[in-house]
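There are 2 protein chains.
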Amino acid sequence: MSKDMILEKIEQAVKILNEKNIDMWMTYVRETGNIKDPMLDMIVGTNATWQTAFIITKSGETHAVLGSLELENMKAVGTYKNIHPYLKNIKDELVKVLDSIKPNKIAINFSRNSSLADGMTYGLYLELMDHLKETKYANSFISSEEIVAALRGRKSHTEISNTKKAIEDTLKIFDEVTKFIKPGLSEKDIANFVLDICEKRGLEPSWEVEHCPAVFTGPNTAGAHSGPTDRKVECGHVINMDFGVKHNGYCADLQRTWYVLHPHEDKAPIEVQKGFDVIVESITRSANEMKPGKQGWEIDQVARNYIQICGYDEFPHGLGHQVGRATHDGGALMAPKWERYNNLPYLELEENNVFTIEPRLTIKDYGIATIEEMVLVTKDGVEWLSNRQKEIYLIKP
Amino acid sequence: MSKDMILEKIEQAVKILNEKNIDMWMTYVRETGNIKDPMLDMIVGTNATWQTAFIITKSGETHAVLGSLELENMKAVGTYKNIHPYLKNIKDELVKVLDSIKPNKIAINFSRNSSLADGMTYGLYLELMDHLKETKYANSFISSEEIVAALRGRKSHTEISNTKKAIEDTLKIFDEVTKFIKPGLSEKDIANFVLDICEKRGLEPSWEVEHCPAVFTGPNTAGAHSGPTDRKVECGHVINMDFGVKHNGYCADLQRTWYVLHPHEDKAPIEVQKGFDVIVESITRSANEMKPGKQGWEIDQVARNYIQICGYDEFPHGLGHQVGRATHDGGALMAPKWERYNNLPYLELEENNVFTIEPRLTIKDYGIATIEEMVLVTKDGVEWLSNRQKEIYLIKP
Numbered sequence: 183m184s185k186d187m188i189l190e191k192i193e194q195a196v197k198i199l200n201e202k203n204i205d206m207w208m209t210y211v212r213e214t215g216n217i218k219d220p221m222l223d224m225i226v227g228t229n230a231t232w233q234t235a236f237i238i239t240k241s242g243e244t245h246a247v248l249g250s251l252e253l254e255n256m257k258a259v260g261t262y263k264n265i266h267p268y269l270k271n272i273k274d275e276l277v278k279v280l281d282s283i284k285p286n287k288i289a290i291n292f293s294r295n296s297s298l299a300d301g302m303t304y305g306l307y308l309e310l311m312d313h314l315k316e317t318k319y320a321n322s323f324i325s326s327e328e329i330v331a332a333l334r335g336r337k338s339h340t341e342i343s344n345t346k347k348a349i350e351d352t353l354k355i356f357d358e359v360t361k362f363i364k365p366g367l368s369e370k371d372i373a374n375f376v377l378d379i380c381e382k383r384g385l386e387p388s389w390e391v392e393h394c395p396a397v398f399t400g401p402n403t404a405g406a407h408s409g410p411t412d413r414k415v416e417c418g419h420v421i422n423m424d425f426g427v428k429h430n431g432y433c434a435d436l437q438r439t440w441y442v443l444h445p446h447e448d449k450a451p452i453e454v455q456k457g458f459d460v461i462v463e464s465i466t467r468s469a470n471e472m473k474p475g476k477q478g479w480e481i482d483q484v485a486r487n488y489i490q491i492c493g494y495d496e497f498p499h500g501l502g503h504q505v506g507r508a509t510h511d512g513g514a515l516m517a518p519k520w521e522r523y524n525n526l527p528y529l530e531l532e533e534n535n536v537f538t539i540e541p542r543l544t545i546k547d548y549g550i551a552t553i554e555e556m557v558l559v560t561k562d563g564v565e566w567l568s569n570r571q572k573e574i575y576l577i578k579p
Numbered sequence: 183m184s185k186d187m188i189l190e191k192i193e194q195a196v197k198i199l200n201e202k203n204i205d206m207w208m209t210y211v212r213e214t215g216n217i218k219d220p221m222l223d224m225i226v227g228t229n230a231t232w233q234t235a236f237i238i239t240k241s242g243e244t245h246a247v248l249g250s251l252e253l254e255n256m257k258a259v260g261t262y263k264n265i266h267p268y269l270k271n272i273k274d275e276l277v278k279v280l281d282s283i284k285p286n287k288i289a290i291n292f293s294r295n296s297s298l299a300d301g302m303t304y305g306l307y308l309e310l311m312d313h314l315k316e317t318k319y320a321n322s323f324i325s326s327e328e329i330v331a332a333l334r335g336r337k338s339h340t341e342i343s344n345t346k347k348a349i350e351d352t353l354k355i356f357d358e359v360t361k362f363i364k365p366g367l368s369e370k371d372i373a374n375f376v377l378d379i380c381e382k383r384g385l386e387p388s389w390e391v392e393h394c395p396a397v398f399t400g401p402n403t404a405g406a407h408s409g410p411t412d413r414k415v416e417c418g419h420v421i422n423m424d425f426g427v428k429h430n431g432y433c434a435d436l437q438r439t440w441y442v443l444h445p446h447e448d449k450a451p452i453e454v455q456k457g458f459d460v461i462v463e464s465i466t467r468s469a470n471e472m473k474p475g476k477q478g479w480e481i482d483q484v485a486r487n488y489i490q491i492c493g494y495d496e497f498p499h500g501l502g503h504q505v506g507r508a509t510h511d512g513g514a515l516m517a518p519k520w521e522r523y524n525n526l527p528y529l530e531l532e533e534n535n536v537f538t539i540e541p542r543l544t545i546k547d548y549g550i551a552t553i554e555e556m557v558l559v560t561k562d563g564v565e566w567l568s569n570r571q572k573e574i575y576l577i578k579p
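Residue numbers (the working numbering), protein chains in the order written: chain U, 183 to 579; chain B, 183 to 579.
Please keep in mind that the hints were generated in silico from the structure rather than gathered at the bench. Careful: at least some of the hints might be erroneous.
No copy labels: a pair is met if it fits in one copy or bridges any two.
[Claimed, not checked] Here are the computed lysine-lysine pairs in the BS3-like style, where the Cα-Cα straight-line distance is at most 25 Å: (1) 278 to 519; (2) 578 to 354; (3) 370 to 185.
Using the sequences and the accompanying hints, generate a full structural model.
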């Protein structure tokens, strides 16, 4: 992320601290070459080796307390104004900085609900508590999850533009896949075709290449988070692919569904068509309900209920997640009230959130129908960011 | 890492659990696309989205408790034999697995001392404790740091071979840099020359390309963990470069020192030669003291004292760290007893540890002299893995 974009996000963070009346936000890290807080790229722009505190205050100050060997690097990076180097132990320098800020409430990088706000490891937390045990600050900590959810979720104009370009690049590749698929190719062949295009165009896949793209052909495919296998495309298969590329670090995450015609067919069988249509309609109905203030589970329920009423099993995951620099981004999640999602389904959608909508159903003996679209939450509804798939793509053998 | 190498490391882990009499080791993670436990590549070989427990027992069992959507992927990866999928909440399935193992002592992935053993985030720790609060297991936890230090530190034959190849590839590039350096080039020019070679040869730098290589020319350079700048090479500069590439994921990490002759010179000035020789001698003396059973701070002290006795300031960092899949790897560290290093300087060197030796000193008005070599700890001493630099490299203008 460029220095300008980071400074823009820091400025946004200061506004959020004021809105939520939190005196300061501290991101506490170490050895980020080994394990990296997910917020560092967005609000710092460099790594840290020894214990390091990156602080943003409600009044707009920025402080970095870091190992002295990294002083010059931090100056060169230029994202934090006040730099406080230490040699042997961070404690004294850290307490001095906190004493100068005098915060009553300090948000730190831990969260039970959101992995993106949960960058402080448990051992490091114990270290921090030990440094501050004789101060009043040890009792001032709250989770940074609300700040992180707002900062990552409320997309700026630049962030939305980057996302749109990522979607455009991704959909172009889906079109090329439609021309490429034929019986006899394996899931891996299709994935490699896609990865070759990415390499030629210098496009970075949105998640690990082991399952980006994920390709599933026919009945009895592997689970949704699996990589492509040697399973071969056959006539009568429903195929789906889950894929996206990044633009300037911002991800697309989309799915499309194909049907491979038998030589005697000129359209998909009625069961396939029905399953596909149910997915399309469930997306339309969900999107119609989305607007700021709605809780994620309410939207999830629209698609989930519709699919079950139409006679299919409910999908074993959430309806949609936010997308940004991470594929699973932001706070609020459109998911059922299952414990594994913690409080995320209860958070409200906000203006300028970018969400996927990705219901799924199994068409018995054919395969999985799933479409994943991306939408932007607007003042009173949504804007479609992806050009919707409304017809199943037919492959002629 | 290949499946075979992961299975080799899991087997080694079982031996370590027996040696240390720990019933089981649990690596507890979630959303590893956002934040990744540093051990996952070595002992799992895939990512996890929902809360997931990777368990290795003293009796050699492996269990993965994971979100049901990742069942098929885990089967395909094939590194864990017993796979326990869950849909809504990990708790019941996790407790069932623990009840079947009946462990008295459970090592989990947190550590105050070692970031490599500290992959569980604090929010996730709170989640885990909540799942287990009604069981006896919540009181059975110890840090996995001893297991991680042994598993990462005791290198197998394959790991040592990979390290040797990485060193060979790196030193070849250092030789080419010696031919390339001339007055007028900037630190960035030299870094780009190196990165171009890496790209051409398909070599992956050992750490972030922002400061791999790190290049420092002349007096008043940036700190050790800084990236290259526009500062230009001049006659009379001492230059040093910190750099390494990986082979099959195993890192090299080396430093070399050059002197840029004035047109009237045919050797380095006496002050430069003296500084350089002190570095070489401090490395020799440190290496002579290294053997299994020594504590890291004892070795650090040898070089630190020698350099100070010779009239230079002590270096503001440790003498040497372990190297492996991470540049800063393993447990034991050859560093002074500064609080920022926690207990790592007190740990003992073990056979088959790979260490750097990298003292540094400032030659006033010329620049920084620093050499970083890599050694393997043997039964009763060390084997040099890198071909040592014993003469300062001279650049003719």
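Unmet hints by their number, sorted upward, for this structure:
Structure breaks no hint.
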